[in-house]
Amino acid sequence: MTTGLDQIFVALKHWVVSLCPTGWQSIVSMVISAGAILGVFASLFGLTTLLERKGLGRIQNRPGPNRVGPFGLLQPLADGLKMLTKEDIVPRSADQLIHFLAPVTMVVPVVLAYAVLPLGRNMEAVDFDAGLLFFFAAGAATEMAVFMAGWSSRNKYALLGAMRAIAQMVSYEVPMILSSITVVMFVGSMSLVQIVESQSGYHWGWLARWHAFTPWGFAGLVLFVVSATAEANRSPFDIPEGESEIIAGHLIEYSGFKYALFFLGEYLGLFSLSALGITLFLGGWHAPVVWLEWVPSYAWFFGKLLGFIAFFIWVRGTLPRLRTDQLMNFAWKFMLPLVLINLGTAALWWYTGSWVFMGAAVWRWLICAAMVVVPYAVLGRVMFERRHLGPRTYRYAS
Amino acid sequence: MSPLAQCLSFSCLLFGVGLAGALTRRNAILVLVGIELMLNAANLNFIAFWRFGPHPEQLTGILFAIFSIGIAAAETAVGLALIITIYRHRGSTNLDDLTSLKG
Amino acid sequence: MGTAFCIAALLTLLGGVGSMCFRNLVHCAFALAVSFVGLAACYLLLGAEFVGFAQVLVYVGAVAILIVIAMLLTRNIESKHEPLVAGGWVMGVCVAVLASGSLILCVVNSSVVQGPVSARPTMSTRALGEQLMGDYVMALEGIGLLLTASLIGAVVIALREKEER
Amino acid sequence: MDPSHAANAAIVTHLWVIPAFPLLAAGIIAVTRQSGRKLATVCAVGSMVLALILSLVAFGWVLGRDRGGGELHAVQNIPWLQMGSQSLDLGWVLDPLTAVMLVMVSFVGLLIFIYSIGYMAHDPNYTRFFGFLALFAAAMLGVVIANSLLFLFICWELVGLASYLLIGFWFEKPSAAAAAKKAFITTRIGDMGLFLGMLWLYSSSGTLLFYDHGQGCLEVGALAKLAGQTTLVGMAVSTGVSLLIFCGAIGKSGQVPLHVWLPDAMEGPTPVSALIHAATMVAAGVFLVARVYPLMAAGGPAPGVSTALTVVAWVGVITAVFAACIAVAQTDIKRILAYSTVSQLGFMMLGLGVGGVAVGMFHLITHAFFKALLFMGAGSVIHGVHEEQDIRRMGGLRRFMPVTFLTYAVGMMALAGVPVFFAGFWSKDGILHAAHGWQVSPWPFWGGLFGALLTAFYMTRQVAYVFFGEYRGATRRASSATAPAVSDGHHEPHDGTPHESPAVMTGPLAILAFFAIGLGFIGTPAWPWFQSLLSWRPVDHLELGRLFEEGGAETMALSILVVAVGIGAGWWLYGRRPASSATELDVLERHQPAVFRVLREKFYVDEFYEATFIRLNDRWAWFCVTLDNWVWGGLVLVISYLVLGVSWLDRLFDEYVVNGGFDQGCRGIMRGGTSSSKLQDGNTQTYLRTIGVALTALLLLLTWGCHQ
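Residue numbers (this note's numbering), protein chains in the order written: chain A, 44 to 441; chain B, 332 to 434; chain C, 27 to 191; chain D, 1035 to 1742.
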């Protein structure tokens, strides 16, 4: 389905690159890719801030920004200008260099992670054989950035927030990676391009073969989204920033452009994680049904991404914040077992693929669904009955 | 100098840096850091020998490096736990203070 | 050996030296992270991208963080009022210089390094995985066991003992 | 395995359960608190009931066996100790002897247990008492079923222990404690012989099992071997072993000269006296002789005649007469019975010696019942007259205690051998008959007759004193309060008059009285059912004519005559004109004071022992001490000075030669250790540095070494 519209950006890039001298072509290609990614996602960031404020406003029964431009559309621009022009305050006792480096360290790896994401058919900057690993490696660097920010600020709230953030990110990295591993197991490749390829084709001639349409895939998607929410420090897992408790955590001593960079980094991280979820479980840029294949692939990708963003905004508007101990219990006692069981489910699904007897598909479905649902129900019930509501202790505040 | 020799010399330098740190710093954690650096230098050797060796199609060097990374992670975890425990008991991670095995 | 490799190696070495020389422990840790990243870049340039990514994931994402947390827990981040280095540091540096110097001497004088440079090998992650789950599966399981054991061991060692009543 | 073995599986393989029940009861009671009386009672009595039931089952099984062929002894052996190729086996045997004894012991034991419930009701140590009783019963049953001399010996010693505990039950009384010690030590002398005999038997025959399908030591092969070997003074090994084993029997059964412990043992509670002296412990000796009868009889010139058996017969008859004489002059109701027991045991031994197992065992069984009856009757009397044991202070009790009187009279007549209707007549007659037919010597027969005469006489005397005439005890109330409280805790109102005992005590009396009468009829010459059972031949049919065969009639007539004379003399002397007061002199004493005194003082045996053995022992001990002090002591002193001198020289050598060098060496090592420990400065980095230097050195060495 390589229609002109679908490949228009690819063709454009090839044309531009072909204009350059041979020695420079690879570099130009990279620069173009990077620039496109930066431009697109930075604008998406701007759009998202507006959407979030609007959406939250709707949820909270208020109009949201509506003064700057038509329907407040120019609000992000105004915000950006305000941020750029604000005075950059650095605390006197802060570690100047680290304080400066932290926002940069935050943004750069996140942007790097986009390199391996296929944004559309043939629209990926690099196709690493170990692309997924690269993605997670890049994501791991943000922990360092958060720590740098928190530590260099010489502020107890900042340090506290940073420690919380690191604990949370390290904890939720485990279920996130493990839930992605199911897909790697099933596809047999860590290349994100190949993972997307593996989801091409249609069930019964019309329904896309996304991993989310299998029991393990669905469970994996849910687990992945929950861990991604925590990994991106989004509500209801936004404990590190908890304004009401530790007044924005590691961001407390940042202002102006550095603060904007942090903001950018966080949102870009959210986008990249959503994009990874789409790539792994929701068929990447593939259309959901065969009749909609005429829509360009990047449109599908960004449509799904916007859906994710809407979902996150919705969650933020509706769910209250968790406590640290609840968060950790949830990660290690609930998510981790489920993820491990899901690995087994995926393996079972893989081996039962060769079943040929009568009603094999139904049995396969039933067994795998039971393997997903029963542990969820049991664990959920156990966790619910053993809620720890006693006095809590803070490990890093003592 | 051949690429292999360059790689190996680089790793020797890294090893030397790590060794110097481990030999001179007073803080136990930094000694551990120095050891990590030496381990990484060794890791680099594996990769270099794999890359420039006669049989790059065999992945032994890579696998060695991966296992070595795993072991280093385990070693760091246990080592740091030990240091924290020592600190809790002695109130110090200064190696000059930790000489109860003095003969 | 391209310029990129030299830059990465330089970054690594600088990071390493920094991590050994800074007075502030946390700076040391950051320098260490830089060194790890540089080394990962070296791996990438040598064609071992899987190891490079694993290096970042494990060392920057886990080991460096672990070290930083250990530094915070032991609470002597800045040793301003004490001498930076242990007594007899000159000896230590001498020994280190001697050791690495003799190592380099060995390398340079070795006949092994004179062999022809083979073409850049193609390393597929799939082949690596098949090796890991095939010939090296026992080693892999051993590493898994080791990691689990060290995880439990570290938790047990570092657990705060119950105060005696 | 032949069919008979397969058939015996059920009861024989589980015969050990019978002693196990009382043992279990003893164990449970041992861990029960003293207040757990009900539990102790239920455990002890229940275990005895179970043991009795199982014994009856075993008895029935033996009765039901075919007496024509098959093996007489059903055995079950288990290896206990494996020592190289040798193995020490334990086991149990079920044959007529065992079966009869099992029933007797468990039945009489059960009655005594029940009787004790009443007798000991007020004792604070009631629970402990039942624990000891159960232990005793278990050990005794173990003796009975044992198929190995070793197993028998173990149980035998347990019996000794239990009897020690029971005799000394009221150990607060010095006399009881002394009596317990005396009983224990005296029987130990006999047990020494038994132990030596056991060792000798094992070394000569290689087995201690009695019956082991042809390999046991009581079976033909081993007996022939033992009888064939001779030892010092031309005695066969079997005779030597038999005599040593008989030593054990002498001790346990109170034969002369080791009879002294038995009368003293009356210090224990009366049920204990009944249990020990009537039914079981003293019977153990007789039983032992009966058990090893084949060994005893081995090597004799004719069947039933051998050196060992001759010794048994002579010891028996001497004891019978000797003890009967003493009994005539005693005034303590229980002591009379005790000497009577000794005398009757002598009769049993005589029966074993002259007539074989059946004769002796028959008297053992009948005696067990009527002597238990008498003891328990005596206990009832003592209980009724408030712990009074002197027959001179009783009298006229037949009006106060009719049941006790009737049953006691039955027992007395059975013991005296009143003809036809009482068990004692038939069993004693059997012994006399066998003694009459003994070829070796006629004297045992005449001795036995004399003993029977005396038996009838002293029993008549006792009954006349106790039950006839006027009650002579009321005058002594005030002084009895100062007497040691034999059984503290009697709370019933003491009005000074005797009273009948409760039903729980008289019930067993009645049952025993029934058996004292009825049991005789199973062993009459006319219908020798019991004898045929023990001799394992088909049952003879009732044939009155056999009563008068082989001189039976003369013997019987003689014994009837003797009994009549004895009872008549007793009644003439004591019953015709009962003593009017407690202080009145005995009739015999009035006429023959010297003889009476000798008899009353038990022929001065204790004094004789005192004057001879104990004095001799003292002298010998004094001599040894002197020898030790002066001769050996001096020698030791001289030697010790010599040793001291040598050791002083040795010390000089040690101190200046050995130590000097050693100290130098130690100092050197210490210096070396000190200097090398300087290397260990505890600083990690020093070590690391050393490693670095070593690495460099190694590298350089390798590089340059390679190049050259």
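The hints are simulated quantities; they were obtained by calculation from the structure and are not laboratory data. Cβ coordinates follow ideal geometry from the N, Cα and C atoms, glycine included. Treat the hints with care, since some could be wrong.
Unchecked claim - Sample of chain A residues facing chain C (criterion: CB under 8 Å; computed from the structure): (1) Val60; (2) Ala137; (3) Phe143; (4) Val147; (5) Val169; (6) Phe171; (7) Ala173; (8) Leu176; (9) Phe177; (10) Ala183; (11) Ala184; (12) Phe190; (13) Ile209; (14) Val213; (15) Val230; (16) Gly231.
Just pull the numbers of the violated hints for me, sorted ascending.
As far as the earlier hints go, 1, 2, 3, 4, 5 and 15 are violated by this structure, in ascending order.
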